[in-house]
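**Q** Chains as they are written, first to last, in this note's numbering: chain A, 2 to 444; chain B, 565 to 959.
Just to be clear, a hint being listed does not mean it is correct.
[Said to hold, decoys possible] When the alpha-carbon atoms are kept at most 27 Å apart in a straight line, the in silico DSS-like pairs for lysine-lysine are as follows: (1) B:K716 x A:K328; (2) A:K49 x A:K22; (3) B:K716 x A:K413; (4) B:K670 x B:K716; (5) A:K46 x A:K22; (6) A:K399 x A:K379; (7) A:K328 x B:K711.
[To be verified] Partner residues are not named here, just some residues of chain B that face chain A (Cβ under 7 Å, in silico): (8) F629; (9) K716; (10) S737; (11) G738; (12) A739; (13) Y741; (14) G757; (15) S758; (16) H759; (17) H775; (18) A839; (19) Q841; (20) I842.
I should point out that these hints are in silico values taken from the structure, not numbers from a laboratory. Owing to the predicted nature of the structure, the values given are computational and were not obtained by experimental measurement. Cβ atoms here follow ideal geometry from the backbone N, Cα and C, with glycine treated the same way.
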Amino acid sequence: MTSILIHGGHLVDPSTGMDEKRDLLLRDGRVAALDSPGSLDALAKKEKATIVDASGLIIAPGLVDIHVHLREPGQGYKETIASGTRAAAAGGFTSVCAMPNTTPVNDSVEITRWMQSPDRNAVVRVFPIAAATLGSKGEVIAEYKALHAAGAVAVSDDGMPILEDNIMFESLAQAARAGLPVIQHAEDTRLTHGASMHAGALAFRLGLRGMPADAESGIVKRDIELLARLGKSAAGNQAHLHVAHLSTAKALEAVRRAKRSGLRVTCEVAPHHFALTEQAIGDYNTDAKMNPPLRSEEDRMALIGGILDGTVDAIATDHAPHALHEKEQEFERAPNGITGLETALGLTLLVLHRQNRMPLARAIALLSSQPAQVLHLKHRGSLAVGSFADVVLFRADKDWQFHASESRSKSKNTPFDGWKLPGPILMTISEGRIVHDARVPAK
Amino acid sequence: MPIQRKTPAKRTTPKKHAAKTTGGGAGSSHSSPKKRSLGPHEAGATSSRGTFPVPQFHATVPAGFLHPGSAISASHFTLKDVEQILTEASKLEAMPVFLRDQRYAKRRVALLFYESSTRTRTSFELAAKSLGADTVLVSALSSSIEKGESLKDTGITLRSLGAECIILRHPNSGAPYLLGRATGLPILNAGDGSHEHPSQALLDLRTILAHLPANKTAAAKGKLSITDRTLHGITVTIVGDILHSRVARSNALLLPKLGARVIFCGPEVLLPDYAAQIGPGVEIERNFERALQQSNVVMMLRIQKERLSGLQIDLERYMEQYQLHGKRLAAHAPAAVVLHPGPMIRGLEITSEVADGPNSAVAEQVYHGSIIRMALLTRALDAIPSKNQQSSKDR
Chain A
2 MTSILIHGGH
12 LVDPSTGMDE
22 KRDLLLRDGR
32 VAALDSPGSL
42 DALAKKEKAT
52 IVDASGLIIA
62 PGLVDIHVHL
72 REPGQGYKET
82 IASGTRAAAA
92 GGFTSVCAMP
102 NTTPVNDSVE
112 ITRWMQSPDR
122 NAVVRVFPIA
132 AATLGSKGEV
142 IAEYKALHAA
152 GAVAVSDDGM
162 PILEDNIMFE
172 SLAQAARAGL
182 PVIQHAEDTR
192 LTHGASMHAG
202 ALAFRLGLRG
212 MPADAESGIV
222 KRDIELLARL
232 GKSAAGNQAH
242 LHVAHLSTAK
252 ALEAVRRAKR
262 SGLRVTCEVA
272 PHHFALTEQA
282 IGDYNTDAKM
292 NPPLRSEEDR
302 MALIGGILDG
312 TVDAIATDHA
322 PHALHEKEQE
332 FERAPNGITG
342 LETALGLTLL
352 VLHRQNRMPL
362 ARAIALLSSQ
372 PAQVLHLKHR
382 GSLAVGSFAD
392 VVLFRADKDW
402 QFHASESRSK
412 SKNTPFDGWK
422 LPGPILMTIS
432 EGRIVHDARV
442 PAK
Chain B
565 MPIQRKTPAK
575 RTTPKKHAAK
585 TTGGGAGSSH
595 SSPKKRSLGP
605 HEAGATSSRG
615 TFPVPQFHAT
625 VPAGFLHPGS
635 AISASHFTLK
645 DVEQILTEAS
655 KLEAMPVFLR
665 DQRYAKRRVA
675 LLFYESSTRT
685 RTSFELAAKS
695 LGADTVLVSA
705 LSSSIEKGES
715 LKDTGITLRS
725 LGAECIILRH
735 PNSGAPYLLG
745 RATGLPILNA
755 GDGSHEHPSQ
765 ALLDLRTILA
775 HLPANKTAAA
785 KGKLSITDRT
795 LHGITVTIVG
805 DILHSRVARS
815 NALLLPKLGA
825 RVIFCGPEVL
835 LPDYAAQIGP
845 GVEIERNFER
855 ALQQSNVVMM
865 LRIQKERLSG
875 LQIDLERYME
885 QYQLHGKRLA
895 AHAPAAVVLH
905 PGPMIRGLEI
915 TSEVADGPNS
925 AVAEQVYHGS
935 IIRMALLTRA
945 LDAIPSKNQQ
955 SSKDR
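Turn these sequences into a full structure, and let the hints guide you.
**A** Okay, here's the thing in structure tokens:
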């Protein structure tokens with residue numbers, strides 16, 4: 002029996018509405034008890050619990066990231082499940098959902114199981130998202146029920162959007178039967194050929210092909226129509242569409258309307274899309290290149306509005322590590338994506354909590370209970386008794402500086418190097434094990 | 565890891581050690597290994613004649629560094645820069661050939677061309693040669709680029725071979741920044757994707773100035789003064805494939821600084837509305853004839869078929885609306901100076917009648933090109949990098 006008592010901290014658990022001083026006892030990988038300060042001391046002593054002093058700290062559920070690229074199998078030079086989950090732990094995440102665009106593509110039970118094997122040495126829980134179609138080619142629907150049974154929590158052809166209406170319709174229908182959400186990377190690739198940033202005046206100035214906002218909103222609208230049509234065909238379980246890394250005001254508006262009409266549509270926004278605009282590209286900085294691209298200030302403000310009014314269900318990083326030599330290329334040739342696991346909490350606190358006055362509990366909800374709910378991760382993102390002992394301790398009233406060179410990720414492709422962010426993370430506990438401890442300065 | 569020698573006894577490659585020291589060339593200075601904070605290539609740029617300058621093999625370029633002798637974007641040029649470049653151009657133009665070709669005797673200039681070019685490459689090459697520099701041409705075909713070498717490595721290789729300045733033409737917008745950051749050398753942008761072609765804008769400016777009577781005499785006296793009113797009252801219309809044109813961008817960023825009004829003219833598919841937001845002094849007029857009526861200078865552009873990438877153009881309709889032919893010119897802008905950066909597609913955007921006619925300054929442009937490029941090379945080879953040099957912002 003291994004126990005940890007976290008005492009003296011301020012516990013914020015959006016899943017239960019708790020927001021007060023509480024001591025927390027973890028036992029055998031689960032939340033065993035929480036009570037007013039001091040009242041668990043005797044029990045902890047009896048159990049010989051490890052005592053963690055959390056005075057002045059926020060105790061929150063371990064964060065949940067439903068959109069990461071861990072690059073294994075096949076691209077271990079960018080990231081491994083081991084290194085990626087260490088970065089996750091350093092960023093306060095205890096559950097990460099790994100996209101299937103690996104080499105080979107994760108479209109099978111074997112790879113889905115392989116990713117979850119203890120041999121991968123993950124330090125936090127990895128939930129695979131399987132490919133929606135074989136090889137993410139957009140042609141043949143994968144075996145959703147078997148993938149679900151093997152541990153997949155959703156299906157997606159992330160990065161290779163499903164353009165064919167009938168395939169997307171079929172995917173939504175089959176996924177509903179298997180009880181899985183379909184995550185769509187909404188991009189009409191017929192409109193984005195050769196494009197490497199947001200379409201508009203800046204793209205013109207830089208001589209780069211732009212991705213129009215319509216390329217995103219067009220697919221979101223199409224998917225919503227398919228979902229509505231499916232609803233009428235009574236396929237048993239209600240189909241669930243989740244829009245990945247939503248980046249434009251237009252697509253957000255489409256999701257807002259769909260939600261109002263009662264469709265089961267959810268969406269996520271990445272921290273870089275509410276923290277930065279296309280101006281971050283500067284003199285062709287490839288660490289500001291990702292897909293969807295950084296957008297205009299109007300889009301950024303609309304996303305913040307959508308987060309504040311509840312249209313946005315979750316914050317997800319789209320953590321996309323790439324090696325230095327891949328990013329040190331001509332802008333148009335460099336791969337899309339930036340790392341994000343270690344800066345997500347800080348950026349959320351900075352932009353949403355500090356600059357836009359979102360209550361701390363809501364900011365935490367967007368990074369824990371709400372994403373867990375979107376992908377039905379049971380007993381995650383919560384500190385209710387019986388939940389997994391996934392906990393993050395951070396200091397809300399202090400700032401820290403992020404240095405890319407110190408990142409736990411194998412890759413350092415981030416536009417946030419040197420940024421001063423709120424919320425230094427002191428400790429991350431995954432299923433009762435301390436997986437990140439910054440209380441003692443590492444020497 | 566570099567091999568660590570305990571004693572510097574056997575010196576088979578003294579140059580490598582000399583590279584870390586400063587002052588004179590190889591062999592003379594390794595007794596005083598003073599460390600100075602240098603720009604990545606100062607040793608090469610200032611070494612005395614007679615010894616071959618040893619490049620700094622492990623020079624790390626500070627983040628955001630761009631060599632001040634670079635010419636990457638017309639937006640970087642201040643009025644003072646423009647004045648200095650044009651003044652230098654006139655000086656070089658007037659200089660006796662036997663003096664001019666001693667100016668940078670045996671200095672090394674590399675031409676790195678990832679795209680085909682006749683005019684620009686020859687112009688830069690002859691400009692460097694007429695200053696006495698050695699030039700070497702590396703083109704994408706028949707080089708290690710074909711084998712997959714990165715731009716960064718190609719740049720470092722050229723620097724190690726002693727190149728003190730790289731003239732780059734590249735199909736990707738922004739590539740000169742990457743090369744500048746990787747090598748720390750002055751980069752002369754000879755056209756990058758659809759981004760910029762700053763030497764073209766300068767040569768266009770010199771051509772325009774040569775046609776302004778007041779400036780002609782001032783320039784001849786070597787008393788050229790460039791202000792924000794130098795081109796006051798002058799309207800330059802740029803016509804055609806603006807979307808893909810680096811020439812249009814560089815001109816639209818440069819000419820309004822001197823007070824010119826720039827009109828972009830073309831169909832929506834080649835000229836999106838937001839193009840006018842590129843900077844102050846730029847507007848859009850889609851009707852070619854209305855634009856011509858306001859123009860002192862009209863610059864015709866080629867439709868860049870190689871960059872259309874799926875865009876559909878009805879050429880017949882395009883020619884009907886935007887071709888510059890004799891009748892149109894005579895009717896709407898009989899006194900306008902006609903420019904074209906080349907290559908011209910006769911019979912498409914421009915007719916032979918106009919290209920060879922009295923309004924055409926196309927051949928003059930080519931002449932001014934070689935003069936301007938000499939001036940840009942002196943700027944690149946003379947400039948001393950400073951470590952504090954901030955990356956100049958585009959906007």
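**Q** State for each hint whether it applies.
**A** Against the structure, the hints:
1. B:K716 x A:K328: holds, 11 Å
2. A:K49 x A:K22: Cα-Cα ~23 Å, so holds.
3. B:K716 x A:K413: holds, 18 Å
4. B:K670 x B:K716: Holds: K670 of chain B and K716 of chain B sit about 25 Å apart, inside 27 Å.
5. A:K46 x A:K22: Measuring from Cα to Cα gives roughly 20 Å; hence the hint holds.
6. A:K399 x A:K379: violated, 32 Å
7. A:K328 x B:K711: It holds: about 19 Å lies between the C-alpha atoms, which stays within 27 Å.
8. F629: Violated: closest Cβ of chain A sits about 11 Å from F629 of chain B, beyond 7 Å.
9. K716: holds, 6 Å
10. S737: holds, 4 Å
11. G738: holds, 3 Å
12. A739: Holds, about 5 Å.
13. Y741: Where the cut-off is 7 Å and the nearest Cβ of chain A is about 5 Å from Y741 of chain B, the hint holds.
14. G757: G757 of chain B check passes; min Cβ-Cβ to chain A is 5 Å, inside 7 Å.
15. S758: holds, 3 Å
16. H759: holds, 3 Å
17. H775: violated, 29 Å
18. A839: holds, 5 Å
19. Q841: Nearest chain A Cβ about 4 Å off; hint holds.
20. I842: Interface hint status for I842 of chain B: holds (5 Å vs cutoff 7 Å).
In this structure, the earlier hints numbered 6, 8, 17 are contradicted, and the remaining ones agree with it.
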